[in-house]
Amino acid sequence: MRTLPFAVRSALVTTLTAVGLTASLQAQPASADDINALREQIRLLDQKLRVLERNQELKEETAAAAAKAQPKITVGDGRVELASADGANSLRLRGLVQGDARFFFDKANAAQDQFLLRRARLIFEGKFADRFNYVVQPEFAGSSVSILDANVGFTVTPSLSLLVGRFKTPVGLEQLQSDPVAFFNERSVATNLAPNRDVGAQINGLLADKRLGYQVALTNGVIDGGNSPADSTNLEGDFTVSGRLFATPFVNDKDSALKGLGFGIAAAAGNYDGTASSPLLNAYRTDGQQTFFRYKSNSTPTLANTAVAAGASYVVSPQAYFYSGPAGVLAEYFATSSEVSIGSGATRNARTLKNSAYNLSAGYVLTGEDAGFRGVTPKTNFNPSAGTWGAFEVVARLAYLDIDNDAFLVPAGGAISLADPGASATAVTTYGLGLNWYLSRSVRVGVNLFQNDFKLAPGAAPAAGTVLSDDETALITRFQVSF
Amino acid sequence: MKLKSLLSALLAVVAVSGAAAKDIELLNVSYDPTRELYVEYNAAFAKYWKAKTGDTVTVKQSHGGSGKQARSVIDGLRADVVTLALSGDIDPLHQVARLIPADWQARLPNNSAPYTSTIVFLVRKGNPKQIKDWDDLAKPGVSVITPNPKTSGGARWNYLAAWEFAKRKYGSDDQAKDFVAKVYRNVPVLDSGARGSTTTFVQRGIGDVFISWENEAYLAIKEFGADKFELVTPALSILAEPPVSVVDKVAKKKGTAEVAKAYLEYLYSEEAQDIIGKNFYRPTDPKAAAKYAGQFSKLELFTIADAFGGWAKAQKVHFDDGGTFDQIYLKK
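Chains as they are written, first to last, in our numbering: chain A, 1415 to 1897; chain B, 79 to 410.
It should be emphasised that the hints constitute simulated quantities derived from the structure, not laboratory data.
The beta-carbon is built from N, C-alpha and C at its ideal position, and this holds for glycine as well.
There could be a bad hint or two in this list.
Some chain A residues judged to face chain B by a derived CB distance under 10 Å, without partners named [what the hints assert, rightly or not]:
1) E1471
2) E1475
3) A1543
Keeping only pairs whose Cα atoms sit at most 25 Å apart, straight-line, the calculated SDA-like set for lysine to any residue is [stated by the list, open to error]:
4) K207(B) / I1449(A)
5) K217(B) / S1758(A)
6) K138(B) / L1458(A)
7) K376(B) / T311(B)
8) K1624(A) / E308(B)
9) K217(B) / L1452(A)
10) K138(B) / D1500(A)
11) K207(B) / E1467(A)
12) K330(B) / D1500(A)
13) K331(B) / A1497(A)
14) K331(B) / F1568(A)
15) K332(B) / T1571(A)
16) K1624(A) / T134(B)
17) K306(B) / N1565(A)
18) K331(B) / L1505(A)
19) K330(B) / P1572(A)
20) K1624(A) / W127(B)
21) K1462(A) / E308(B)
22) K260(B) / E1454(A)
23) K1624(A) / K331(B)
24) K260(B) / G1782(A)
25) K331(B) / N1565(A)
26) K1482(A) / L1459(A)
With the hints as extra help, turn the sequences into a complete structure.
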């Protein structure tokens, strides 16, 4: 039964008593003692009501405090989070599923049209004892299950944290951006030159009131765009060091037009000594994920027929982004140097290859939501019955990757080139246009059209039907759920 | 890059990030009526520490019933320091959780009590029930407000003060128990802490008399007006010595041990003792004590050690499960 508010009840008691008092006064004149007795009675009743009210209040306070002490379960946007009452311990379950339909309009890749499960990940994130956190991210798409990220972090202070395990090497800006929120369905060709996930330790933090971020990592080492395996070999017994400084000088100035500006520089350096069976070299792929450059290899690998990493390698990458209202731009440049060889003895061809690449991507949210490095949050979700359609974003990209011509050089004296000009391009320029439809914060449909123009080595004659026999024109469509 | 040169570079980065002035956050877990005291003291300490080291200290405060607060710290509340109502609430931090050493109370002067207080009565203006001393609280028809001794340190001081009064007046523990039982029969609301009881008495208008910390009573009169309440000082009361301690294990983990220690030591400084007096606690420093002596009534004070053999014994006899309070209150 619903109780009357305290003030109402008090008034009611007072009124009833007063009516009784008035009635008795009408019946016969009341003595001063009677009036005092009635007053005392009213006071006692008032006290009783107040006590009841207060005890009820205390019960509610106790219940509220008990509820606060209970672990919290939060479900929202597909995420599930379990957290201790004080928030010091938590487990968050997230996921990412990307289903692609890919169509190629060039003569070379028509056979590559396909539906593809691009990514299928369950992400376990958690925190314990307030300062420790962890991520375990298995990938279920592909021919086998693999672990992408598995690391444990320890926050000493906001300016100093330690990360140990498998994580993204802190070099490429687009690489470090979470895949589901990037402008395009696939990262640019420039990212081929950025080392990806590796095993090691990293210190990082935010300085100058969060205006300057730094990361310094020591890892087993992975060259040019590759992922090191979880049991990454470290053949040369040396480590790769990578570091990144990234400034967001106006991030705390809420009214600044430059609030969304970030810029920085990243670099990595290490030694790589591959073997015929483990050359430690990676192939480069187009936006349509077709291989347009690979070092020479053989199904029966020997040093005579397989190019291998053979010494020092480094990458330097200046990078920046700028987000302002619905518009955003991301730009990065890579310059790499890698010592690579093929053959042995008198027929050894060893060279230091200097490759470079850039990526310039931009987007504009047509429906007016803010763009950002962490993605777009639509103001409304797609709901035709309510007449809401989510958010729409147009995106454009220009990217370029140049391979050192020395990779195709055939030295005199019987040595062979590091790459086959008939199977590998010397450069690729890519143009991308796309439309992203954010049906909700978690669901995105992306339609991207890519044009990849290959530059071939002089005299190169790719076989008909191979990737390089025609410039690539690809339509990559994606339905993505990311929570 | 070889490992040695790399480690040197990493150490250099760590050194640079560690050399700058720091932002430090402390958590002071305290009992109910100290809110205003520590708001003022925290500001003074932050200023002092900034001038001394360049570091910025922010002290967060947590208040509640003293026993309840101690339980929270034992259960994992990351307090750098505790400033509780009685040593009996701090002892379990060693006995149960080993968060502090056994000799914690010997680390600071006056048994780690930088201020004292006592227990008085707050009554409504005109003192309509003519409350003069402890006897009056046991009379039929007198409504008494006091918190729950199971959760509130202040309530335990109240309980023991009433007990000792009756024991001295009537001659035995049995009679004291009967007396205290009569007092608790007059308690209509049992809040979990002293501040809750203040709310009950002052804001909700319940009860004829509030057994109160001396500073809390003065604060109520200051805040709500001398035209509404009066302070009544009994002839006999207890000397309350609220102690303080660094929570060593937590402070060490958080890297705040040095500043936490300094935070408590500064409570004995001239500036802090003045703040203590201003907030109606009794300073332990003779100079400040003399300065504020005029604002406190004179009464006979006894100590927990003299009357009850210390907190450990008092806790066991009166407030542990099955103790005299349970015997009295569960019967009610």
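Non-conforming hints, listed in increasing numerical order: The structure conflicts with hints 5, 6, 8, 17, 24 and 26, although it agrees with all the remaining ones.
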